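Colleague: Generate coordinates for the entire structure from the input sequences, incorporating the hints supplied.
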Amino acid sequence: MNPQFEHLYEALSKVDGYIYPNEIELSWSILIVLYPFITGLVAGAFILASLERVFNVKALRPTYVIALLTAFAFMLVATMPLIFHLGQPLRAWEIMITPHLTSAMAIFGFVYLWYLMVVLLLEIWFDYRADMVVWSKDAKGLKKWLYKAFSLGINDASPESRKWDDKLGYIVTVIGIPSAFLLHGYVGFIFGSIKANPWWSTVMMPVIFLFSAMVSGIALVMLVFMVLNYVRRQKIDMLCLDTIAKYLFYIIIIDFTLESLDQIHRFYEAEESFEIISLLMSGKLFVTLLIFQILLGMIIPLITLGTLQFFKPKEKIRQAIYFVTGLLVLFGIFFMRWNVVIGGQLFSKSFYGFTSFKLSLIGPEGFLMASIWLVIPFLILAFLLWLFPPWKKTQHEHLPAE
Amino acid sequence: MKNVKENQSRRKFIRNAGMTLGTLLVTSAIPSFNAVLFAANKPKGKGVWYGIAIDIEKCIGCGNCAKSCKIENDVPQEPFFFRNWVEQYTIKHDGSIVVESPNGGIDGFTQSVPDAEIEKSFFVPKMCNHCAKSPCVQVCPVGATFETPDGVVLVDEKYCIGCRYCVQACPYGCRYIHPTKNVVDKCTLCYHRLKKGLMPACMQNCPTQARISGDLNDPESEVSKFVKTKNVYVLKPHLNTGSKLYYNALNQEVR
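Protein sequence lines, in the order shown, are assigned to chains A and B. Just so we're aligned, residue 1 is where the first sequence starts under my numbering, counting upward by one. Just so we're aligned, residue 1 is where the second sequence starts under my numbering, counting upward by one.
No lab work stands behind these hints: they were computed from the structure. Here the structure is a predicted model, which is why all the values come from computation and not from measurement. A couple of the hints might just be wrong.
Stated by the list, open to error - 20 Å max Cα-Cα, derived SDA-like pairs, lysine to any residue: (1) B:Lys133 <-> A:Ala104; (2) B:Lys195 <-> B:Gly47; (3) A:Lys195 <-> B:Pro179; (4) B:Lys133 <-> A:Pro99; (5) B:Lys58 <-> B:Lys133; (6) B:Lys158 <-> A:Trp164; (7) B:Lys181 <-> A:Glu271; (8) A:Lys393 <-> A:Thr202; (9) B:Lys158 <-> A:Phe84; (10) B:Lys158 <-> A:Leu90; (11) A:Lys195 <-> B:Leu235; (12) A:Lys195 <-> B:Lys195; (13) A:Lys58 <-> A:Trp391; (14) B:Lys181 <-> A:Ser201; (15) B:Lys158 <-> A:Trp386; (16) A:Lys358 <-> B:Val254; (17) B:Lys236 <-> A:Gly87; (18) B:Lys158 <-> A:Pro99; (19) B:Lys133 <-> A:Ser201; (20) A:Lys137 <-> A:Lys358; (21) B:Lys158 <-> A:Ile83; (22) B:Lys158 <-> A:Lys358; (23) B:Lys181 <-> A:Gln4; (24) B:Lys236 <-> A:Trp164; (25) B:Lys181 <-> A:Glu94; (26) B:Lys181 <-> A:Phe84; (27) A:Lys358 <-> B:Pro179.
Claimed, not checked - Going by beta-carbon spacing under 8 Å, a handful of chain A positions derived as facing chain B: (28) Glu10; (29) Val15; (30) Glu23; (31) Ile24; (32) Gly87; (33) Thr102; (34) Met105; (35) Leu228; (36) Ser350.
The beta-carbon is built from N, C-alpha and C at its ideal position, and this holds for glycine as well.
Modeller: Okay, structure coming up:
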């Protein structure tokens with residue numbers, strides 16, 4: 001037996017019921033689970049930043065820059081799992097050069113570039129430009145040159161120029177909010193528009209993706225904010241932390257409502273695919289959907305965060321609860337992506353049976369490689385925080401929204 | 001003072017209304033986006049437009065079609081890669097359905113259900129439906145999958161990036177990733193043979209002539225007559241894929 005096909009023979013022996021013969025191997029694996037997960041973190045983190053900037057939630061000020069840098073660090077990695085998943089990675093650029101306009105996927109490159117280049121990069125640049133000019137005077141070695149290079153020769157650090165940075169940055173943020181919605185709503189559309197797959201094909205998919213993105217992004221920034229304060233031995237700004245948790249709570253309520261609506265609708269209409277999907281949910285997806293995604297990732301966070309809206313225990317206890325809840329939420333949203341991507345391929349489009357999926361440890365589609373794609377953004381974030389420390393920025397309030 | 005304020009708000013209203021109307025007018029003049037029209041328009045074919053007809057009553061489940069296809073088109077022999085295959089449907093007295101397709105039917109079939117339990121049993125050959133509104137063509141991000149002017153859905157293997165979106169989009173499970181080429185592969189209706197005036201390999205090798213293909217635009221072609229005179233049905237019609245694979249005597253259980 002050709003060892004290349006060993007795993008397929010194993011999967012063949014585990015087929016349950018009838019599936020089309022080409023369906024034994026899952027086309028999209030862990031790397032495609034990471035793709036919506038990572039882009040979701042980007043969009044969510046950005047929206048948290050906009051809450052401060054555009055919607056004037058002043059308590060969130062300490063997280064503004066952290067949220068932007070987090071979004072940026074993850075955005076840089078967002079395409080990597082996609083490209084490495086391609087059968088022909090060297091042809092990836094064809095999507096940009098010769099996009100096929102009826103394809104949802106073809107638009108990804110443009111949405112991505114728009115978001116990365118026009119929104120994130122510009123907003124961070126406007127926020128840091130004057131600081132980089134100031135820092136470049138005292139810094140030494142590599143840092144000095146990086147600051148000089150990144151300030152693009154615009155060396156005016158006067159209050160007047162800062163006002164301009166603020167104004168332009170504000171405009172970029174305003175453009176950025178619909179862009180962040182577009183980015184992740186669009187990722188949902190990639191799945192939601194596949195009429196062949198009843199588990200994916202729902203008009204709710206982009207909306208659900210968007211709100212789950214906000215949930216995960218806000219949770220991530222909350223965790224990064226806490227860890228940064230622990231590492232720097234700073235007292236955590238509890239007003240800020242409580243406010244993040246409050247927004248996290250609200251968005252989880254919306255997300256939970258939307259996802260419930262989707263499932264209730266699916267069950268009430270009970271179309272042709274109803275039997276296979278209920279088997280899928282109670283069988284192959286029982287642990288990852290009902291336990292991981294819904295119970296751990298949603299219901300428990302809803303209970304803990306909800307309780308903290310009414311009872312305020314001591315700061316240390318609140319911090320511990322927020323920390324665990326943040327981790328649970330991220331875990332839950334990861335499995336939400338898993339259940340969409342993997343779950344949607346476990347049942348046959350004949351609706352007569354199931355294939356199986358086993359995540360391997362090594363290999364390009366293995367657990368280790370996937371973990372690397374999740375670790376790299378944190379390394380990038382650490383580098384960004386070293387180069388652009390938010391705590392060394394000149395303190396100034398953003399101009400109020402006009 | 002009050003008058004001035006009112007004037008201003010009136011002016012504002014007129015300005016805003018004008019802007020809204022103007023925007024509406026300009027945007028309504030823009031032609032609709034291609035993607036929206038994709039599924040709504042019928043393709044306009046004047047020359048040959050290929051369609052396929054399969055007579056389920058004639059299929060004996062010998063698997064010659066699947067076997068000859070693998071030989072003709074260099075499809076890997078392993079039982080995970082098929083451009084066409086045969087399914088055996090068995091409906092029991094209690095209404096339950098058993099579907100089987102061991103190695104795509106290439107090695108023939110054995111009946112796993114005891115005779116006493118069988119209400120009826122039949123074979124369903126499956127292959128690319130060469131849809132007129134192919135979901136696979138719609139989703140290909142680089143246009144590597146395309147429909148020829150004569151209605152055959154093909155893949156440019158030098159252009160495919162192997163993203164597998166089309167595999168997800170095909171409701172009939174007719175696409176697979178070629179394990180050595182790392183691009184998608186599917187039935188071409190033996191386009192290389194069609195262009196030489198030959199039949200596709202699966203049809204050439206069908207001992208009962210259960211499957212035929214031909215020009216749907218020609219009312220005298222065998223396919224056209226088949227579609228007109230028999231009780232034909234396509235798979236998953238509710239998905240509006242514009243399937244051009246017509247089955248005679250297809251049971252509703254078949255998906």
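Colleague: When the hints from earlier in the document are held up against this structure, which numbers fail?
Modeller: 3, 5, 6, 7, 8, 12, 14, 15, 16, 17, 20, 22, 24, 28, 29 and 35
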